[in-house]
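Engineer: Quick note, the sequences are listed as chains C and E, same order. Per the working numbering, the first sequence starts with residue 1, numbered consecutively. Per the working numbering, the second sequence starts with residue 1, numbered consecutively.
Hints listed in this document are in silico derivations from the structure and should not be mistaken for laboratory results. All the pointers check out, no bait thrown in.
BS3-like cross-link-like pairs, simulated, lysine-lysine; straight-line CA separation at most 30 Å:
hint: 1; chain 1: C; residue 1: Lys225; chain 2: C; residue 2: Lys80
hint: 2; chain 1: C; residue 1: Lys232; chain 2: E; residue 2: Lys64
hint: 3; chain 1: C; residue 1: Lys225; chain 2: C; residue 2: Lys184
hint: 4; chain 1: C; residue 1: Lys208; chain 2: C; residue 2: Lys248
hint: 5; chain 1: C; residue 1: Lys225; chain 2: E; residue 2: Lys64
hint: 6; chain 1: C; residue 1: Lys202; chain 2: E; residue 2: Lys64
hint: 7; chain 1: C; residue 1: Lys161; chain 2: C; residue 2: Lys184
hint: 8; chain 1: E; residue 1: Lys64; chain 2: C; residue 2: Lys208
Here chain C is said to cover these stretches of chain E; the calculated rule only asks that three of the stretch's residues, wherever they fall, bring their Cβ under 8 Å from a Cβ of chain C:
hint: 9; region: 61-70
hint: 10; region: 261-273
Source: prediction; values computed, not measured. Ideal placement from N, C-alpha and C gives every residue a C-beta, glycine not left out.
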Amino acid sequence: MKKTLLLIAAIVLAVGLAACGSKTNNSGTTGGSTSTNTQNGGGDSTAGGGSAADSGTKLSGSILAAGSTALQPLAEQVSKEFMAEPDYSGITVQVQGGGSGTGLTQVAGGQVQIGNSDIFAEEKFKDADADQAKALVDHTVAVVAMATVVNKDVTVDNLTKQQLVDIFTGKVTNWKDVGGPDEKITLVNRPSSSGTRATYEKFALGTKSEDIPGSIQEDASGTVKKLVSETKGAIGYLALSYLDDSVKTVKYEGVDPTEDNVITGKYPVWAYEHMYTKGEPAPEVKAFLDYMMSDKIQNGDVVQLGYIPVTKMQVKRDAAGSVSK
Amino acid sequence: MEVSGRSSFKPHIVEEWVGKVYTILCVFVLVVTIAAMVYFVASRGLSTFITNGVSLAGLLSGLKWDPDGDPALFGALPFIFGSFATSLLAAAIAAPLGCCAAVFMTQILPGVGKKFMQPVIELLAGIPSVVFGFVGLSIVVPVLRAVFPGQGIGIAAGAIVLSIMILPTITTIAADALASLPFGLREGSFALGATRWQTIWRIVIPTALPSLLTGVVLGMSRAFGEALAVQMVIGNAPHIPRSLFESASTLTSVITLDMGNTIMGSAHNNALWSLALILLLMTFVFVFVVRMLERRSVR
Chain C
1 MKKTLLLIAA IVLAVGLAAC GSKTNNSGTT GGSTSTNTQN GGGDSTAGGG
51 SAADSGTKLS GSILAAGSTA LQPLAEQVSK EFMAEPDYSG ITVQVQGGGS
101 GTGLTQVAGG QVQIGNSDIF AEEKFKDADA DQAKALVDHT VAVVAMATVV
151 NKDVTVDNLT KQQLVDIFTG KVTNWKDVGG PDEKITLVNR PSSSGTRATY
201 EKFALGTKSE DIPGSIQEDA SGTVKKLVSE TKGAIGYLAL SYLDDSVKTV
251 KYEGVDPTED NVITGKYPVW AYEHMYTKGE PAPEVKAFLD YMMSDKIQNG
301 DVVQLGYIPV TKMQVKRDAA GSVSK
Chain E
1 MEVSGRSSFK PHIVEEWVGK VYTILCVFVL VVTIAAMVYF VASRGLSTFI
51 TNGVSLAGLL SGLKWDPDGD PALFGALPFI FGSFATSLLA AAIAAPLGCC
101 AAVFMTQILP GVGKKFMQPV IELLAGIPSV VFGFVGLSIV VPVLRAVFPG
151 QGIGIAAGAI VLSIMILPTI TTIAADALAS LPFGLREGSF ALGATRWQTI
201 WRIVIPTALP SLLTGVVLGM SRAFGEALAV QMVIGNAPHI PRSLFESAST
251 LTSVITLDMG NTIMGSAHNN ALWSLALILL LMTFVFVFVV RMLERRSVR
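With the rest of the complex left out, here is chain E (with noise of 0.2 Å):
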């Protein structure tokens, strides 16, 4: 870079404050748009309690979901259950299945793993949704309605697609813990004659227990805002199942499902945000869970 003029501005100081400028410019752009989502999620939302009139205690504990009828009934419990419910279980069947795997790479067979098994799994995270849920609504949803009484489609069918669509997060982040683990820790172990079961159990997981954990957090939120594969096989009934395979809602799903077909600014659309507010307040929650689990594990 040429600079003319004043011996002050040297090549490398000319280069500092560009770089710095620049990284100050994105920094801003960042922020801006956040803010800029937050507001506008937010804004709408909120005119369903402010313009709307309808009360927050009724969005969050009514059963009954109606907002073309008269009078307009706004509960959203049923699509808040379908949404905790569907994404519990997919944690809980994607975090044994993902921790393990971890373990495998990179404890029990780190040669394998490293060549093998990982590109594969970090495979999955590229696939995208709508693949997800035309399987499961292909394949997951079939079997499941010849192995059980009822359609087949319900959360059981959601919590299976998301656990599949968890596991590359919760493997990926299992698998670096793990590995960044101090080169000491089993050596030691293994000195005092354990054996590897042993040290994995003992030693190896309760210490990487807060980052297992934060990939678990980080996959349930996941699962949380996906949208497009839940909506394919969940069924989008307004109500609260009385079975794992009864058809039922989640947040996104009746979100994605009205959004289009309802009027910017009429009550129904505010209320789709409102549900939109929701989610992400739920993310705010996940994320605040994930800086608590790091901080413990700083320690």
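Only chain C is shown next, with the shape it has when bound in the complex (with noise of 0.2 Å):
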């Protein structure tokens, strides 16, 4: 008896349930779930107080910001910085990881301020999302230049667009074909999704790479260079600001992956780190964004933390991937 009741409010509760999450579930893909509102309400009064803030009034609020694990130790360190000068005490910043997929989603979906992508928006948003990117405005606010990385018991100095693209496509498996030692290639890529496998394959390779068999997958850029270091034989490729001597860099095209090959565009395999709003930004997370490309910080932390910063480049890139003096 007492069994039968209990699984019959367990079914009422289920098919509740299941109607409240249906709710939740249309305004968030609607993006206007009620925190969104009342973000972009607490964005107009602060845009209002902003002619205030010119004035002398402080600005305040919170700021937060999520996305991209390569933007993430710049974003943190630049964010404590901020919060320590005297004009912006009143502003708290949060620095969340997640990933670019992540910063992006919910900057369109206005559960953050800032979102952190190591991609262009129009590049994640494809399809059926498209409209997404359009609301979103961006802010490259430093560059980053990946380096093509080998086991230090290969012998390849530089390597070809074309001889890249054999290796990560699986059609050239033994480094004695491009020059090397008589010793089997082990890929050590990103997953498929990650911004930097992107980036990578866009500018590097011209091409998809394959995940063939028998290579390996990692995102985390620490346990990237400990693969490569450690496995025979193996190639991938990392940030610059991760390369040390365990591993061996190899040339792209006989140049070196170096910071000012690739603020005069001779090296074609950067990126730049975007900081998207939502619209344009309230008057706070303007002065956090004015703050991230003051000299102050991409002259220091940027460059200390080994990012290239923007404001150096010589040359352009659009989201197509086009570069421009």
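Make the complex out of the two chains shown on their own, each in a separate frame, by following the hints.
Structural biologist: Take a look at the structure:
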């Protein structure tokens, strides 16, 4: 008797929940959940007080930034310095990781004020989601370059684009075919959804790489470096900030992956680090982004953490990948 | 508690009611949480089939995983294979170790077992999985690479790391089961002239077998759901490996690698939720198996 009662209660509950769930789901997909509204409202009210801010009133509010783990160390360090500035002591900035996809989804949904991403929103929001990218405003804050790295026992110094394509699509599986020792090649790749991999495929290979059997996929740069340095015949790619003596850097088409070569546009394998906002940023968010672009940060923290200042770049690139001076 | 007014509300009656309401509230919250999670995973996971038009058979039996390709392919069989292979192998390694440790702790040297071994084994359960992953990457993988052909990473490395992680579960449950056996059972066996080993092998273990198996199944279910440690040592290539020492993937490793990089609601993201749904259903199966075993042990 009691058991049936319990069962009925559980069923009623489940049905009720399903109804609630679908409701929240809908509002989530339209991107207009209540939290968004309050946040937008908050942004507007501070926007109204924006003129007051110019006349001496202190900015206040809280900023939540989430997304790309590649940008996370920089964003975290800058946010600490930003909050330590007397002018901005009323603003709290929180930085979270979660990956570029998370950052873009959450900023488009209004859950965070800044969405960090390794790649252009247009590249992630495809097909049915393409409209969501239009609402986002791009702020490029730094540049990250990636170098091809190999295990130290590989004697190859230089690889051409075609050789890299052959290696990363599994056409060439032994180092002797590209002028190295007689040794099996082990690919250490990023997962197919990774922004770093997308950048490397687009600008170093010009084509998609294959997840060939026996290849390794890791998402953390530290793990990639460890595996490349320990596995004989391994090849992978790392951001310049992660390079050290444990792995060997390979030239790309005869060009060394150095900061200077990236700035002048000679070395093509690099990407912007983006901080996306939904629409034009609220004053406190704008203050943070301006601070990020200030000489103090661009020539200080950015360089110190191994990124390249976006202000120094002599070439520009758009979402389609075409480069201009 | 002070109650004013009517005399029928005596303190102990009020206490009774407060306790009752509080308990029911807790149960309610628990049920709501579980139902909400099941609903969320199911709604996301099923939309792969409903919205994105992926066939269930294609997902379960497809060999090629290429969600960003054109056309996108969602073959999850390599991951399902990887999950089962690692957790079965882990259970095969950990079950004898755990059960023997339990026998030692309860039947052979209960004093040392209770004072020394049990706390040490329980300590294993408290170590974060990222530590297991790092130890696996720094010790297990290089050793396997040196001894066996291949890169060292793969199902073997994953299973070894997992077997150590599930050891406390199996040992603790097995030790509890063995310790709770009726007192007269062993005495009776000894009285008939059986040696200690005969008693353990013929009487103690068969009697406690359903409970021992419960421990193994619970351990397997933990191994099946473990993500981080496995992801670090298994290599994550979306293929069925040709040897135990070649890069492979599990359901959990794919989810943790890709979830943060994909846009919520995209086909790729939904496919990951489908994998999560498979994991959830497998957990139900494990719970069901444990229930069956418990029912057998009661009789």
